[in-house]
Amino acid sequence: MVALQNLSRRYGDHVALENLNLTVGAGEFFSLLGPSGCGKTTTLRLIAGFDRPDRGRVLLQGRDLTGAPPHQRPVNLVFQNYALFPHLSVWDNVAFGPRSLRLPEAEIRRRVGEVLEVVRLADLARRRPHQLSGGQQQRVALARALVNAPAALLLDEPLAALDPDLRRTMRAELQRIQRQVGITFVLVTHDREEALSLSDRLAVLHEGRLEQVGTPRQLYDSPRSAVVATFLGAANLFREGAGSGVRLLRPERLRLRSSAPAEGEQGMRARVRELVFQGATVEVRLRTDRNQALVAIDTAADVPNNLRVGSELWCCWNPADSHLLEEPA
Amino acid sequence: MNRIGGWLLGLASVLAFALLYAPIVVMVLFSFNAPRGRFNLVWQGFTLANWRQPLADAALTQAFLASLALALAAAVLAVLLGGLMALALGRVRLRGGRAIALLLALPLTNPEIVLATALLNLFVDLNLPRGPLTLLLSHSLFCLSYAALTLKARLAGFDPSLELAAQDLGAPPLAAFRRVTLPLLAPGLLAAGLLSFSLSFDDYVISSFTAGETVTLPLYLAGAFQREISPQIQVLSTLVLLVSGVLLILATPRSSGSGRR
Numbered sequence: 002m003v004a005l006q007n008l009s010r011r012y013g014d015h016v017a018l019e020n021l022n023l024t025v026g027a028g029e030f031f032s033l034l035g036p037s038g039c040g041k042t043t044t045l046r047l048i049a050g051f052d053r054p055d056r057g058r059v060l061l062q063g064r065d066l067t068g069a070p071p072h073q074r075p076v077n078l079v080f081q082n083y084a085l086f087p088h089l090s091v092w093d094n095v096a097f098g099p100r101s102l103r104l105p106e107a108e109i110r111r112r113v114g115e116v117l118e119v120v121r122l123a124d125l126a127r128r129r130p131h132q133l134s135g136g137q138q139q140r141v142a143l144a145r146a147l148v149n150a151p152a153a154l155l156l157d158e159p160l161a162a163l164d165p166d167l168r169r170t171m172r173a174e175l176q177r178i179q180r181q182v183g184i185t186f187v188l189v190t191h192d193r194e195e196a197l198s199l200s201d202r203l204a205v206l207h208e209g210r211l212e213q214v215g216t217p218r219q220l221y222d223s224p225r226s227a228v229v230a231t232f233l234g235a236a237n238l239f240r241e242g243a244g245s246g247v248r249l250l251r252p253e254r255l256r257l258r259s260s261a262p263a264e265g266e267q268g269m270r271a272r273v274r275e276l277v278f279q280g281a282t283v284e285v286r287l288r289t290d291r292n293q294a295l296v297a298i299d300t301a302a303d304v305p306n307n308l309r310v311g312s313e314l315w316c317c318w319n320p321a322d323s324h325l326l327e328e329p330a
Numbered sequence: 019m020n021r022i023g024g025w026l027l028g029l030a031s032v033l034a035f036a037l038l039y040a041p042i043v044v045m046v047l048f049s050f051n052a053p054r055g056r057f058n059l060v061w062q063g064f065t066l067a068n069w070r071q072p073l074a075d076a077a078l079t080q081a082f083l084a085s086l087a088l089a090l091a092a093a094v095l096a097v098l099l100g101g102l103m104a105l106a107l108g109r110v111r112l113r114g115g116r117a118i119a120l121l122l123a124l125p126l127t128n129p130e131i132v133l134a135t136a137l138l139n140l141f142v143d144l145n146l147p148r149g150p151l152t153l154l155l156s157h158s159l160f161c162l163s164y165a166a167l168t169l170k171a172r173l174a175g176f177d178p179s180l181e182l183a184a185q186d187l188g189a190p191p192l193a194a195f196r197r198v199t200l201p202l203l204a205p206g207l208l209a210a211g212l213l214s215f216s217l218s219f220d221d222y223v224i225s226s227f228t229a230g231e232t233v234t235l236p237l238y239l240a241g242a243f244q245r246e247i248s249p250q251i252q253v254l255s256t257l258v259l260l261v262s263g264v265l266l267i268l269a270t271p272r273s274s275g276s277g278r279r
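Just so you know, the sequences run in chain order A and B. For the first sequence, the residue numbers in the working numbering are 2 to 330. For the second sequence, the residue numbers in the working numbering are 19 to 279.
Just so you know, not all the hints are guaranteed correct.
[Said to hold, decoys possible] From the structure, some residues in chain A lie toward chain B, with a derived Cβ separation under 8 Å: (1) Ala49; (2) Gly68; (3) His72; (4) Asn77.
Calculated directly from the structure, the hints in this document are not laboratory data. Since the model is a prediction, treat every value here as computed from it, not as a measurement. Just so you know, even glycine gets a beta-carbon here, dropped at the ideal spot from N, CA and C.
Hey, can you work out the whole structure from these sequences and the hints?
Structural data, given as structure tokens:
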């Protein structure tokens, strides 16, 4: 569906993207995840046609679109700031695309009406963008980008401008809408929760390079590198012996006990440095005898009641729950 | 205390507005005067005769039409050129863009009489006969800075992603400009046009140096004291006031709905 081949882009001395290869399948919800400056937005701009790569190709449904201007590409973008046309009503904002494609008036009316139903905004069609709440503006932006039935919908940090509660609601809405319309979504985000909860697959980018691609589960449980491991969640990394590699143990895999490790378990003695109550869970920061920092996350109900800062206890884990990184650096 | 303060403030505002509008009120009033003799300067009595024949004073009408045509042409030229300059300064990352912006503002500080002398010098040296052409050239010149700066300020608040969004939705660049950028800039264009129009319409100093035989309204009025001050002067001026008032209201963004968030 969307295929990126050997994409590279530099701005002066800055390498924004280095030899990126990526394929997104039809109907897939795909995320590009990484910190700011990792190249994810550059990638999106290259797909949308707002920028040209120095090297490499952008293919859509098998067609090479590398040199095509934005208005000739069958993709549409939801801008981070929504970029709604302030002088047009909701209806006219959404109708902008079909009118640009010179569709017959009846077809335009049908499509706009339909997509406004999908995003549940049919009642507000006559409003201007400034008369809408942030969440409603977001829906207009989605509707406007969906109405042309693009081969792929590109979303640039679409939820970043919303407050946390609304973000959660809109996240669910995004998922519902994607399933309903069945269009390929390519989402750019630096929010790992967003990427993990929404994506069928995701790619982690770091300093212009692709670190790893996979399902959320694969990337969280079996990251290839320390960069991916730490970017997707809290991580305990153990250096195993001399030069043999680094092992990942997620904090929720650690069990805190006063008794020594059971049969088939591994364990370390550690002292509690900090206890952070987080509602459903408690985060426990510890330090081992060998001066290694550890983080454990446990459901609040399971943490021993007598646990205090300074308590000494055993951190135990099942070796099968740990994961050896391919690329320790 | 607070009440007295508010009362004083109200009084000061009323006085200020009274001062601002007194000449205008007098002007409108005297368009209804029935003067004795050739000078419409003393109130004699009410009549609608002047308004029935607004074009009765042939020389005045001719000067009025000349100024109207000149101001329109100068405004169109200034807005076109100024708009392009503002686009270039606002959009493209030009090398030395700051210097260019400064150069644009500099002529505003230049005394008008200096510019007028310089223009006359230039036209004489170029062997350009003074007349409608030199008038248009000099008027669009001094309007240009104002128009460009007005539009540059307007463009500074313009979100460039709007045009990208239009292209992304299938509009080729020119169509995106026409359907998104232009309508959003329209109030700015109108404001710049109005400003240029009024600057050109009432210019005396530069016109007096560059007009040649052409007589604009300000040039005519300045000489009118020696010939005749007909009530049609007030009639036409009131008409101009009405038209610019309407245009100004059109150019003013609705207070609630103008801004993007």
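Hints and how they fare:
no. : hint  : in the structure
1   : Ala49 : 6 Å, holds
2   : Gly68 : 15 Å, violated
3   : His72 : 5 Å, holds
4   : Asn77 : 6 Å, holds
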